[in-house]
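Enquirer: Chain by chain, the residues run as shown.
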Amino acid sequence: MTTLSGPQLLGAARDRVEGPLKVAGRAPYPNDLSYPGMLHAVAVGSTIGAGRISGIDASAAESAPGVISVLTHLNAGPLRRAPVTPLGVSPPAPLQDDVIHHYGQHVAVVVAQTFEEATEAATLVHVSYTHEEAILDLDDPRAERRTNPWGRDAQRGDVAQGLAAADIVVDRTYLTRDNTNNPMGPLTTVARWEDGVLLINNSTQWATLEHTSVAAAFDLPLEAVNISAPYVGGGFGAGLRVWPHVVLTALASRTTGRPVKLVLTRPQMFTACGHRPKGKQRLLLGATSDGMLTAIDHEALTATAMDDDNFEPTATVSAAAYACPNASTRDQQARLNIPVPNSMRGPGAATGNYALECAVDELAVELGMDPLELRLRNDATTHPQLGLPWSSRAMRECLLHGAELFGWSRRTPEARSMRDGDMLVGYGLAAVGYPWFRARCAARATVRQDGTAYVCSAGTEIGNGAYTVFVQLSAELLGLDVERVTFGLGDSSMPAAPQTGGSGLTSSVGSAVHEACRRLVGDVLALVAEDPDSPLYGCSPEDVEVGEGGLRRRGDPTRWESYAGILGRGGLSELTATGESTPAKPQELGMAPAGAFGAKYVEVQVDPDLGRLRVARAVSVIDGGRILNEKMAESQIIGGTVGGIGMGLLEEAVSDAGTGRVANATLGDYIVPVNADVPDMQVAFVGVPDPANPIGTKGIGEIGLVGIAPAIANAVYHATGRRIRSLPITLDMLL
Amino acid sequence: MAFGVSSPTDQQVSQAEFTLRVNGEEYAVRVDTRATLLDVLRDRLGLTGTKKGCDQGACGACTVHVDGKRVLSCLTLAAQCQDRRVTTIEGVGDGASPHPLQSAFLQHDGFQCGYCTPGQIMSALALLNEGRAGSADEIREYMSGNICRCGAYQNIVSAIQQVAGDRGAAL
Chain C
1 MTTLSGPQLL GAARDRVEGP LKVAGRAPYP NDLSYPGMLH AVAVGSTIGA GRISGIDASA
61 AESAPGVISV LTHLNAGPLR RAPVTPLGVS PPAPLQDDVI HHYGQHVAVV VAQTFEEATE
121 AATLVHVSYT HEEAILDLDD PRAERRTNPW GRDAQRGDVA QGLAAADIVV DRTYLTRDNT
181 NNPMGPLTTV ARWEDGVLLI NNSTQWATLE HTSVAAAFDL PLEAVNISAP YVGGGFGAGL
241 RVWPHVVLTA LASRTTGRPV KLVLTRPQMF TACGHRPKGK QRLLLGATSD GMLTAIDHEA
301 LTATAMDDDN FEPTATVSAA AYACPNASTR DQQARLNIPV PNSMRGPGAA TGNYALECAV
361 DELAVELGMD PLELRLRNDA TTHPQLGLPW SSRAMRECLL HGAELFGWSR RTPEARSMRD
421 GDMLVGYGLA AVGYPWFRAR CAARATVRQD GTAYVCSAGT EIGNGAYTVF VQLSAELLGL
481 DVERVTFGLG DSSMPAAPQT GGSGLTSSVG SAVHEACRRL VGDVLALVAE DPDSPLYGCS
541 PEDVEVGEGG LRRRGDPTRW ESYAGILGRG GLSELTATGE STPAKPQELG MAPAGAFGAK
601 YVEVQVDPDL GRLRVARAVS VIDGGRILNE KMAESQIIGG TVGGIGMGLL EEAVSDAGTG
661 RVANATLGDY IVPVNADVPD MQVAFVGVPD PANPIGTKGI GEIGLVGIAP AIANAVYHAT
721 GRRIRSLPIT LDMLL
Chain F
1001 MAFGVSSPTD QQVSQAEFTL RVNGEEYAVR VDTRATLLDV LRDRLGLTGT KKGCDQGACG
1061 ACTVHVDGKR VLSCLTLAAQ CQDRRVTTIE GVGDGASPHP LQSAFLQHDG FQCGYCTPGQ
1121 IMSALALLNE GRAGSADEIR EYMSGNICRC GAYQNIVSAI QQVAGDRGAA L
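Sequence order for the protein chains is C and F. If you use this note's numbering, the first sequence corresponds to residues 1 to 735, in order. If you use this note's numbering, the second sequence corresponds to residues 1001 to 1171, in order.
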């Protein structure tokens, strides 16, 4: 890996602090947990796409060996629907009526002594239905359309005038398919009630939300619910909502009076915990003959479920992407009889950027201009929509450094002009500006008399490296060796944190940790500042800095005292401080807080006879602000790149006409990238620590994926001369 | 092995009683004959290091060794494993210190969420023993039965190459 910047940009590439547990198989994921007397629950899904339940015969299931209970809408009792979340409405409360909105909707839950018995009995629940015609197609005129669903449509200048003033206009439509998150860890809930308190171990990316939502569903006070998720087997968005199975497991535990574990089966992972919904986008770009954009018009239509408003702002990404005086972006949703969609790594951004960056490439072809040059000419040096300077933006460096690492100058412009042996070679590029996100967050920091520290916040580790980077950050802010710091995550009893999502966790939790540690240092100093025996006597907070496990006077390292010494003299075993941080609004900051920027360069090789298509190389150059741990950050980007290869070439959930049943709901039939699909990927970080938050980070959990699919599509065009305007691009399209 | 009587009329579930040998330990078990090796390891023996990813033989998360060869424990009935030698991730390394491959996964960051990791490591150990770690491409091919949705493949290959190289140097 290479970098353009100095050590202050890149944090130490430490190994994962929880890594030894994970390589030994000792990290406890939710489905690893068992409790005495625990029962196993298996959900039963509807086999129609729309209609009503006309009858349920559970008698065979109820009398099957080992079965303790069968829950249906006839006996579940009332449950409240959880309140609206920052990402939209909560999924409907389960088993509340006889209405079927989609194939696979939970219609019953079987609870038995063993997993085998519950699985067997689940096949014995006989459900009869009254069928209705399912609405499944985006263009179905019966589908309710929601316009501007998230209030994020953007408008500036006059697009019609901009198009009229253009020498070249491209007008293109792009299609994307249903993709599924499918983390390797099947979503699991283990619920138990102890002394009136509902204790849940869960696969979640948002323990704080899960806490309030479950409490609302069961009408319990917050102190009567606890959510624990110290380890989660991936998420990619699947853990961002409080799914019906979570509520059902808690209900099953309350009904039976015993702990209950429910693990979604892999096929259920396609219908019960969200997906990236299919969509259709139209892009109009106008430009003068010298490649200056005169208009951007982007409209997007994505699918949502009948009783949902999935957050998927897609066209929105075009509003701030390029310096163009005239722009209009408009999102719409169509309500269909499909499972509730959900955020999947780069929600909205991945699909919106795909259409935009393909259209930019098409414009470059029409202009006869290098697509890199076209992007450089239209670089948005200020935020085009807000009119404010960016908090930081190294888009240009991303593009230029990426071109150098990739060898873009070797590209010959004509399609089908490059070969490697018999293989057609194509080079493709996409630029990415990832939307900024940060949310209010709290953290708690404790130093102990033994010279160790414990810091915590209710964020979650899902493979993002959260434990590791927050240990490193806390150690730095307290002046301790990393070995002396432990970080706690994933428990709703910890200070409230936002989701591991929107690429916002590091900046949100990190800013709260910054504040908690600042307060803690102040509180420690207060113990000795008036003590004449202390080397820190008379110091104010501005006079001291942290280091070597304690505090010292700035400019005089001999005047130092350890935390252990200070606490010991004060007779304290430990000292704790809580901090909270809320992001300022752009107008208050006087700048537009920037998300990460990136440039994605991809080489594809295509067999001209067979259409066989492979990604041969990928280079990602990322401006992620300050990078807390180079190793974790590089893993985020290469992992995202793998996801992007899936989106670009492999992933499509295929639904049956008529019912919407996912016909390929297994990991053998829904194709995800495996080791042999993935080339060597190069990652570099550029830019500066971002001034919009106290720790300088931006957030890089999603930008690794975004831009890969359009870079592939553009490379496929360059290799073959075939412009494929839908994903995934498969070999049959190239024959 | 002893099997219980199975009769469709009284719906009694057929049970098997036998000894499982896992990581050098012997376990006397009586289990549902439908129980997979994976579920018995996890639910009965408490050896939860082996993971259930798909329960359909498509993802590799449940990979263990039976008589030294890698198998998918979700597609293997526990009752088939009498008198066979089962090794799981809990049997890798010597307790006090990790196996060099585990250290290499840590050093090369060959995982993120960690859920597929025990299966990846069990596959990689077998691959090394099979002599199929001769090149990066060979490793990619023979590790393609183990899905990593976090996308750590490149680092998994590096980790395996390091151990393969160290073994080669030691010969």
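Hint data in this document are derived by calculation from the structure and do not stem from the laboratory. You may find that some hints are simply not true.
Pair ranges (Cβ atoms, derived) [as the list claims (entries may be wrong)]:
(1) 221(C) <-> 1137(F): 55 to 61 Å
(2) 1137(F) <-> 366(C): 37 to 43 Å
(3) 1129(F) <-> 224(C): 25 to 31 Å
(4) 1097(F) <-> 377(C): 39 to 45 Å
(5) 1168(F) <-> 541(C): 54 to 60 Å
(6) 1137(F) <-> 194(C): 30 to 36 Å
Derived, one-sided and incomplete: chain C residues facing chain F with beta-carbon distance under 7 Å [as the list claims (entries may be wrong)]:
(7) 116
(8) 233
(9) 667
For every residue, glycine included, the Cβ atom is placed at its ideal position computed from N, Cα and C.
Enquirer: With respect to the beta-carbon atoms only, verify the hint that residue 1137(F) and residue 194(C) lie 30 to 36 Å apart.
Expert: Given about 53 Å between the Cβ atoms, the range is violated.
Enquirer: So does residue 1129(F) sit 25 to 31 Å from residue 224(C), Cβ to Cβ?
Expert: About 52 Å separates the Cβ atoms of residue 1129(F) and residue 224(C), which means 25 to 31 Å is violated.
Enquirer: For the pair residue 221(C) and residue 1137(F), does the Cβ-Cβ distance stay inside 55 to 61 Å?
Expert: 58 Å Cβ-Cβ, so the 55 to 61 Å window holds.
Enquirer: Within 54 to 60 Å or not, the Cβ separation of residue 1168(F) and residue 541(C)?
Expert: holds (57 Å)
Enquirer: Holds or violated: residue 233(C) as interface residue toward chain F, Cβ cutoff 7 Å?
Expert: holds (3 Å)
Enquirer: Within 37 to 43 Å: is that where the Cβ-Cβ distance between residue 1137(F) and residue 366(C) falls?
Expert: holds (39 Å)
Enquirer: For the restraint on residue 116(C), tell me whether the closest CB of chain F is nearer than 7 Å.
Expert: holds (5 Å)
Enquirer: Should the hint that residue 1097(F) and residue 377(C) are 39 to 45 Å apart at their CB atoms be regarded as holding?
Expert: violated (57 Å)
Enquirer: Quick one, is the residue 667(C) hint okay against chain F at 7 Å, beta carbons?
Expert: Holds, because the Cβ-Cβ distance from residue 667(C) to chain F comes to roughly 4 Å (cut-off 7 Å).
Hint compliance for this structure: hints 3, 4, 6 are not met, and every other hint is.
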